[in-house]
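So the protein sequences, as listed, match chains A and C. Read left to right, the first sequence gives residues 0 to 295 (numbering that gives the first Met the number 0). Read left to right, the second sequence gives residues 0 to 450 (numbering that gives the first Met the number 0).
Simulated from the structure, these hints should not be mistaken for lab results. Model, not experiment: these values are computed from the prediction. The beta carbon of each residue, even a glycine, is placed where N, CA and C say it ideally should be. Check before you lean on any hint, since a few could be wrong.
Unchecked claim - Simulated restraints on C-beta separations:
{"no.": "1", "chain 1": "C", "residue 1": "63", "chain 2": "A", "residue 2": "220", "range": "43 to 51 Å"}
{"no.": "2", "chain 1": "C", "residue 1": "380", "chain 2": "A", "residue 2": "220", "range": "54 to 62 Å"}
{"no.": "3", "chain 1": "C", "residue 1": "84", "chain 2": "A", "residue 2": "64", "range": "58 to 66 Å"}
{"no.": "4", "chain 1": "A", "residue 1": "279", "chain 2": "C", "residue 2": "242", "range": "47 to 55 Å"}
Unchecked claim - Chain C residues, not near chain A, derived (Cβ > 12 Å throughout):
{"no.": "5", "residue": "149"}
{"no.": "6", "residue": "189"}
{"no.": "7", "residue": "192"}
{"no.": "8", "residue": "195"}
{"no.": "9", "residue": "198"}
{"no.": "10", "residue": "204"}
{"no.": "11", "residue": "209"}
{"no.": "12", "residue": "249"}
{"no.": "13", "residue": "263"}
{"no.": "14", "residue": "279"}
{"no.": "15", "residue": "433"}
{"no.": "16", "residue": "435"}
{"no.": "17", "residue": "438"}
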Amino acid sequence: MIKSYKLRRGLANTFIYILLAVLGIIWVAPLAYLVIQSFSADPGAVPQTLLPETYGFDNYVKLLTETESLNFPRWYLNTFVIACFSCVISTISVLMVSYAFSRLRFKSRKKFINIGMILGMFPGFMTMIAIYYLLKAMQILDLKSIFGIPTFDGPILALIICYSSGAGLGFQISKGFFDTIPRALDEAATIDGATRNQIFWKIILPMSKPIVVYTVLTAFIGPWTDFILAKIIAGDKVDNYTVAIGLQKMLDNDHLNKWFKRFLSGSVLVAVPVTILFLKMQSYYVEGVTAGGVKG
Amino acid sequence: MKKIVAIVLAAMMLVAAFASCGGSGDSGSKAAQGGDSNSTVSTDTSKTGFDNVVADSDFGDEKAAKLKVWGPDNYTKLLKKQCEDFKKKYPDRVSKIDVVVQTEAEAGTQMLSDAEAGADVFGFANDQLNNLVNAGVIAQIAPKYAADVKATFLSNAVDACTMQNPKTKKDTLYAIPETGNGYFLVYDKSVVSDKDAATFEGILAACKKAGKQFIMDAGNGYYSCMFLFTGGLRLEGLEEDQVTQKFNKYDKKAVVASMKAFSTLMHKYTGTFKSLAVANIPSGFTSTSSRKSTCGAGIDGNWDTASIKQALGKNFGAAKLPTINIGGKDQQIYSMYGYKSLAVNGASKFPRTAQVLAYYLASEKCQNERCTELGWSPTLEASINTDAVKNDVAISALLEQSKYSVAQVNIGKIWDPFGNLGNKLCADNTNPETYNFTELLDKTIENVLDQ
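Produce the entire structure from the sequences given, and follow the hints as far as they go.
Laid out in structure tokens, this is it:
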């Protein structure tokens, strides 16, 4: 038995740090590999060595300029447009639904919450085929240049509709957050003459920054990572693909040999807007949690 | 609470039912129409070839047709040109042809999910044929053209496009073969000599001597089926249910002997024989100023030929699969061999024009263009003996291998069980001297039939 407390603590810490370091390396290694290999300038599709022998921006340049067969910049733009629209729409709808369920008391409120819960339990892709045929019947899929915007075609609108229309069902987490904000604040505002709408925008929302950030992030990331719905809806309309389908295309038999390294650089580029958004909004997380509402 | 669940479920089922009915029923009926309207065309087989067979009356009353065609990425440029040629040939009949990129591997899935939004004429891989026919989404080839195809195309290519009509139970031609699709031996001539390339033992010995790898994807059913086919096992289409695989009456001892022979060689040349995805083959052949190539030979398909040629340059070698010594006798390795074919959408709004276009794209002129520009093997008897084919070692190897192959058509769920079998044969802990290959074969067959 080691008697010295210092030595014991030192040993325990060493062990813990080694363990954490190993776990950290395991977790970071694939990401690091992806980023490093995306800058590789070696010939051949599949990396033959752990670290590239020569480095360069070749893969990125080719990915963004050789757009004849696989038009990655166009798909990137598509996904960005879809993500921005559905991010705004779903954030607003999620927060409004949560506010209504949290603060208002109306007939069959409990029932609506339950229906929402049950519908949320079914996986989204279960209704995929039905959604496709409904969109087709409404003739949304064949639209061209909606509002006169050249790249804004039917499937993109369809995807925005799909991602944002069901979003309100994901109200549980933000409702839980709103429930923790004291009702005394609402009451105080009501006495001062605020309407329900004003309370939502001026009292509740400024105090709920963490949950707003969370909602914005999840709503924005959704379209970047969704594959299965986008695939069904885009069909053979190559110009309306999103990055997820595009990246998968790069790995099929016809493209793999030429496109594997560009696939790696594409994956890095996909992470960029999500990372920027997260870094920009990160500070609000802390600020929101620590800012108190009711004083003394 | 229960009520709500019931209502929600019922509503969902209703939506799903309507959606699926509307889709498949509609396209099915249109497919039937397409077939019927074409069966009235008279059949005259005295002359062959596109220009002799097609008459202006074949178009019926279709004018200014707008068509959509699916083709793979690398073919798009040439396909656009060929479609323009077709448009110039029939300016009154065709007003617009859209060429859309779609790989043959995915064409079938896309057609099955929504045939109406699909292309009028599309290339697809033949193993999807039975699904497409059973779903009724493709039209049969007009009898007039079918007769010409049967007379002038390679017979096993025609067989791969022929299926029993689910309604009339007659053998019907549903697609026109476009090109062969299979794998063969590729090697670095500076490592493996042409003589070594004739036997599996020779190739492995040459690779080992040079310190290079031999790469094939033994864990993939598409390639690992060769371990069984070489021993005499064959696929014979599907049972009545269109799902269960049928096998021939194979000699179990011979199949087991073949498995053992492969496994023994794999273990004798541990370190040389590598089971890796085929994408590693072109990369393995690539050498840089600072690093030598790692691969000496491999089994790869025609889709990688361009990359391998680029990597090896004048050292590029290709041949049919080698022989393997089983019980003292050299036996030819058998492979899976498929076709890419052109089919006509049963829901096409211009079924007759689509038929003519499909037939045009399979004609001798288009086949020769694909052969010289893309290195696609032809499927016409007449195109086989041209200089373009004879001078191309890869196409020659592919065509040679097609003689020792099992057709990739009407295939059940063999891929995973066969892949597992391949993995077992080359696994490090498999000792080929003591391993019970008979049990492995029985289990594999059982798994194929069970699924």
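Structure-based check of all given hints:
{"no.": "1", "hint": "C:63 to A:220: 43 to 51 Å", "in the structure": "47 Å, holds"}
{"no.": "2", "hint": "C:380 to A:220: 54 to 62 Å", "in the structure": "56 Å, holds"}
{"no.": "3", "hint": "C:84 to A:64: 58 to 66 Å", "in the structure": "30 Å, violated"}
{"no.": "4", "hint": "A:279 to C:242: 47 to 55 Å", "in the structure": "53 Å, holds"}
{"no.": "5", "hint": "149", "in the structure": "30 Å, holds"}
{"no.": "6", "hint": "189", "in the structure": "18 Å, holds"}
{"no.": "7", "hint": "192", "in the structure": "24 Å, holds"}
{"no.": "8", "hint": "195", "in the structure": "24 Å, holds"}
{"no.": "9", "hint": "198", "in the structure": "28 Å, holds"}
{"no.": "10", "hint": "204", "in the structure": "24 Å, holds"}
{"no.": "11", "hint": "209", "in the structure": "17 Å, holds"}
{"no.": "12", "hint": "249", "in the structure": "30 Å, holds"}
{"no.": "13", "hint": "263", "in the structure": "29 Å, holds"}
{"no.": "14", "hint": "279", "in the structure": "5 Å, violated"}
{"no.": "15", "hint": "433", "in the structure": "35 Å, holds"}
{"no.": "16", "hint": "435", "in the structure": "35 Å, holds"}
{"no.": "17", "hint": "438", "in the structure": "34 Å, holds"}
Violated hints, in rising order: 3 and 14; the structure is consistent with all others.
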